[in-house]
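One-letter residues, chain by chain:
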Amino acid sequence: GENVEQHPSTLSVQEGDSAVIKCTYSDSASNYFPWYKQELGKRPQLIIDIRSNVGEKKDQRIAVTLNKTAKHFSLHITETQPEDSAVYFCAASMSNTDKLIFGTGTRLQVFP
Amino acid sequence: EAQVTQNPRYLITVTGKKLTVTCSQNMNHEYMSWYRQDPGLGLRQIYYSMNVEVTDKGDVPEGYKVSRKEKRNFPLILESPSPNQTSLYFCASSAIRLTSTEAFFGQGTRLTVV
Numbered sequence: 487g488e489n490v491e492q493h494p495s496t497l498s499v500q501e502g503d504s505a506v507i508k509c510t511y512s513d514s515a516s517n518y519f520p521w522y523k524q525e526l527g528k529r530p531q532l533i534i535d536i537r538s539n540v541g542e543k544k545d546q547r548i549a550v551t552l553n554k555t556a557k558h559f560s561l562h563i564t565e566t567q568p569e570d571s572a573v574y575f576c577a578a579s580m581s582n583t584d585k586l587i588f589g590t591g592t593r594l595q596v597f598p
Numbered sequence: 004e005a006q007v008t009q010n011p012r013y014l015i016t017v018t019g020k021k022l023t024v025t026c027s028q029n030m031n032h033e034y035m036s037w038y039r040q041d042p043g044l045g046l047r048q049i050y051y052s053m054n055v056e057v058t059d060k061g062d063v064p065e066g067y068k069v070s071r072k073e074k075r076n077f078p079l080i081l082e083s084p085s086p087n088q089t090s091l092y093f094c095a096s097s098a099i100r101l102t103s104t105e106a107f108f109g110q111g112t113r114l115t116v117v
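These protein sequence lines map, in sequence, to chains A and B. Reading the first sequence from the start, the letters are residues 487 to 598 in our numbering. Reading the second sequence from the start, the letters are residues 4 to 117 in our numbering.
The following block holds chain B by itself, in its conformation from the complex (with noise of 0.2 Å):
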């Protein structure tokens, strides 16, 4: 079945505790993001990617990190995680350009920073 993973659907940490959530797609998509989802705020990019290592920042990039080491894998990393990075978060892939063509939405991650 083709699908985007997120890994995990829930997490509460605390401030500053560095902590990685997963995204895998299985459907040889070269174009891969993250985004935020808040009350009132819609969906935010943070980070996408075209292609193996290639990467950039969306528009609310601040505190986060990504890689792209292989194609169906593309991390969010917090390094030091704050409270107003509580959120639920999506990763979503698309065959290419995400500006032309339908993206794929992981099931989603809720975090909470306490």
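Just chain A, with the same shape it has in the complex (with noise of 0.2 Å):
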């Protein structure tokens, strides 16, 4: 079937570095790539996406690329603060359906 793999599981970082999470797709239809964040205990919340007719998207200290041809898209995270730590997860839309698969998630740290 479908799906969405999610690298790397793990991220350690020291503040004011970068971050990039990475996934791949197999759905070359799939037109819908939503990042979400989830905190320690809380829900996940939206935090960014792009649609397949769009190459990048940024929003202040968070970017997205999306490569269509090899069926990836990354998400970046610039100048990292200690809030930024929490899981992530890319997601990706299955054509000529309604669902939305996941990728496993990567716990990232910053470190103070």
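Each hint should be verified, as a subset may be incorrect.
[As the list claims (entries may be wrong)] So the derived label-pair ranges between C-beta atoms look like this: (1) 82/B to 502/A: 47 to 57 Å; (2) 528/A to 89/B: 45 to 55 Å; (3) 512/A to 72/B: 27 to 37 Å.
[To be verified] Derived list of chain A stretches under chain B, where covered just means 3 residues or more per stretch with a C-beta under 8 Å from a C-beta of chain B: (4) 528-536; (5) 580-592.
In short, the hints are calculated from the structure, not lab data. Here the structure is a predicted model, which is why all the values come from computation and not from measurement. We treat Cβ as the ideally placed atom computed from N, Cα and C, and that holds for glycine.
Make one complex out of these two single chains by using the hints.
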């Protein structure tokens, strides 16, 4: 079946450094790619999303890039802060269905 | 305040005892969905609903039932819970199709089946 692979599963960075999380998807017709952040004990919340007609999108310190040919997309966080520590999930829409397939998550730790 | 509300937040039950987890949203969203979250497996979709009286299976529907009699409510029913259904459950809603717009999640229900 269709799936989304996410790497790495854990990521530790020093405050101020950049963090990159990568996802690959299998359905070449996927057209919507959101990223969710889940802080410890909290619900997932959307932080940024991108559609297939766009190659890159930025929102302050967060950016997402999409390579449709290679079927992968990445989340970039610059100037990381301790409050960026959380689990991040990527997701991809499945064509001809109303399903959103999530990756397995990346636990990001930002050390002061 | 716009929100998705799940109840209960925590539940411990015994194998075979039927239970219902409720989910309600006040945003007039058409689309609602249930997910389970397990370590190393991410969020997996159980069931979803495009509108009242319209439901469909997600990726892991076995052992679960849902209903959508009203737009705002989407309860998850476990007719005969088993220990492998111990998990963290999230309900989510979105204005239109989940595959094109933001999903709003409930606060989660941690279920333990002993």
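Comparing the hints with the structure gives:
1. 82/B to 502/A: 47 to 57 Å: holds (52 Å)
2. 528/A to 89/B: 45 to 55 Å: With Cβ atoms ~20 Å apart, the hint is violated.
3. 512/A to 72/B: 27 to 37 Å: For residue 72/B against residue 512/A, whose Cβ atoms are near 35 Å apart, the range 27 to 37 Å holds.
4. 528-536: holds (count 6)
5. 580-592: holds (count 10)
Checked against the numbered hints given earlier, this structure breaks only hint 2.
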